[in-house]
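Those protein sequence lines, which keep their order, are chains Z and F.
The numbering of the first sequence is the working numbering, which starts it at 1 and goes up by one.
The numbering of the second sequence is the working numbering, which starts it at 1 and goes up by one.
Since the hints were made in silico from the structure, they are not lab data.
On a predicted model such as this, the values are computed, not experimentally measured, just so you know.
Restraint ranges, calculated between C-beta atoms of paired labels, are given here:
#1 Z/Ser102 with F/Asp127: 30 to 36 Å
#2 F/Ser159 with Z/Asn155: 56 to 62 Å
#3 Z/Gln85 with F/Ala14: 43 to 49 Å
#4 F/Ser174 with Z/Ser12: 44 to 50 Å
#5 Z/Thr234 with F/Asp183: 25 to 31 Å
Even glycine gets a Cβ: it sits at the ideal position worked out from N, Cα and C.
Number of protein chains: 2
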Amino acid sequence: MITKKELKQINSLATKKARKTEQQFLVEGKKSVEEFIAGGFQPKKLFSTENTKLKGAVLVTENEMQKMSCLKNASPYLGVFEIPQANVLPNKGRILILDKVSDPGNLGTILRICDWFGIKNIIGSLDTVDCYNPKVVQASMASLARVQCQYTDLNEYLSKTPLSIFGTYLVGKSIYETAFPEDAILVMGSEANGISTELEALIGQKVTIPKKSTNGPESLNVAIATALVLGEITR
Amino acid sequence: MITKKELKQINSLATKKARKTEQQFLVEGKKSVEEFIAGGFQPKKLFSTENTKLKGAVLVTENEMQKMSCLKNASPYLGVFEIPQANVLPNKGRILILDKVSDPGNLGTILRICDWFGIKNIIGSLDTVDCYNPKVVQASMASLARVQCQYTDLNEYLSKTPLSIFGTYLVGKSIYETAFPEDAILVMGSEANGISTELEALIGQKVTIPKKSTNGPESLNVAIATALVLGEITR
Numbered sequence: 001m002i003t004k005k006e007l008k009q010i011n012s013l014a015t016k017k018a019r020k021t022e023q024q025f026l027v028e029g030k031k032s033v034e035e036f037i038a039g040g041f042q043p044k045k046l047f048s049t050e051n052t053k054l055k056g057a058v059l060v061t062e063n064e065m066q067k068m069s070c071l072k073n074a075s076p077y078l079g080v081f082e083i084p085q086a087n088v089l090p091n092k093g094r095i096l097i098l099d100k101v102s103d104p105g106n107l108g109t110i111l112r113i114c115d116w117f118g119i120k121n122i123i124g125s126l127d128t129v130d131c132y133n134p135k136v137v138q139a140s141m142a143s144l145a146r147v148q149c150q151y152t153d154l155n156e157y158l159s160k161t162p163l164s165i166f167g168t169y170l171v172g173k174s175i176y177e178t179a180f181p182e183d184a185i186l187v188m189g190s191e192a193n194g195i196s197t198e199l200e201a202l203i204g205q206k207v208t209i210p211k212k213s214t215n216g217p218e219s220l221n222v223a224i225a226t227a228l229v230l231g232e233i234t235r
Numbered sequence: 001m002i003t004k005k006e007l008k009q010i011n012s013l014a015t016k017k018a019r020k021t022e023q024q025f026l027v028e029g030k031k032s033v034e035e036f037i038a039g040g041f042q043p044k045k046l047f048s049t050e051n052t053k054l055k056g057a058v059l060v061t062e063n064e065m066q067k068m069s070c071l072k073n074a075s076p077y078l079g080v081f082e083i084p085q086a087n088v089l090p091n092k093g094r095i096l097i098l099d100k101v102s103d104p105g106n107l108g109t110i111l112r113i114c115d116w117f118g119i120k121n122i123i124g125s126l127d128t129v130d131c132y133n134p135k136v137v138q139a140s141m142a143s144l145a146r147v148q149c150q151y152t153d154l155n156e157y158l159s160k161t162p163l164s165i166f167g168t169y170l171v172g173k174s175i176y177e178t179a180f181p182e183d184a185i186l187v188m189g190s191e192a193n194g195i196s197t198e199l200e201a202l203i204g205q206k207v208t209i210p211k212k213s214t215n216g217p218e219s220l221n222v223a224i225a226t227a228l229v230l231g232e233i234t235r
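All chains should be built: construct the whole structure from the sequences, respecting the hints.
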């Protein structure tokens, strides 16, 4: 069973402010909890409604679990994990930069895409949605356990990096005709506004996903666009 | 202003049953309403909270519009459109088949991807989510006005088609090494279960999106996978 104080603390982790203060986040679902542990994340508390082999899991009732959960239908497993300490921002390999991506579902999907294509690092603008947001964690299906996501002032970071910088725009060189080096940065902008104007001067090569229809949609969803460009970069 | 009877009829169109009986569906948002009209869809009723140049639009209050709307925050424009009559199922060109895709957001995104890549026809299994579901229409961002989506017994359809049939699986020939003919069928299964076992014998070529990580996710979201395969087919 859990105490009122514990429940209150766990519920508070739905907010960015509490996650920042406590340096903790929630993971729900058996597979996800196991994958975060396997990924080296430190569990602070584990809860389960079933007898489980998870070391140190506290048995709770389904009612208690639902009260802790951010999901409409709670999973039988919930873990409170430590947010890992910030690392030095990477300057080699393939790095995905997200500029003002605000939708949690999109970031979760993008984490999963990076995980699929072996991209180990995402750097978000300071106003990109927090990767420890429960909706992002859920949508990432534990890919957040394997892909490092950090946040910084993009203007500063991109000004200093020695890597080639590619930015995805509605107009640019076709991704199918672009040679992407082994080490490179790919910048994706928000769906509504694209890459910020202030970053434009830092983009070395504007690339685009060719549209095959004349009267089709104006743009693609940012997760879809990310998948198409990363698929091409890593093929 | 609108009558109680009208409001009741409009609200009923959130359900598949009423859409089937009435052969009508809802479109919200100025751009979407305009694009469905431009796409040749017949508006039965148009409503607006602003003075508009849309021919025949009835002026309503914001309160009335919110009562009609399926959105949390109603748009100032709403149209009730006729569901077009079923066409003969296509047997040429590139056709996307969806087997048991149940998430409205995924179907909406897939409609937009097809629209981007110039794919004109989607055929869903009878248990695939209804394309006139308000959430699908919304997520498609009016691509449903340009991409035809129909439903049928896939076993029957695939048994009779003269086209080559490609199916996306977790194991198969790499999409990057597969030659896709100009006229071909691509089958995508549901994320949870993949392509139904009963359809497997009808798949001419199993294809796969190569995973570039060793311990990455088990699968990709069905909309992401569709984008990657269609991008490769149409490049």
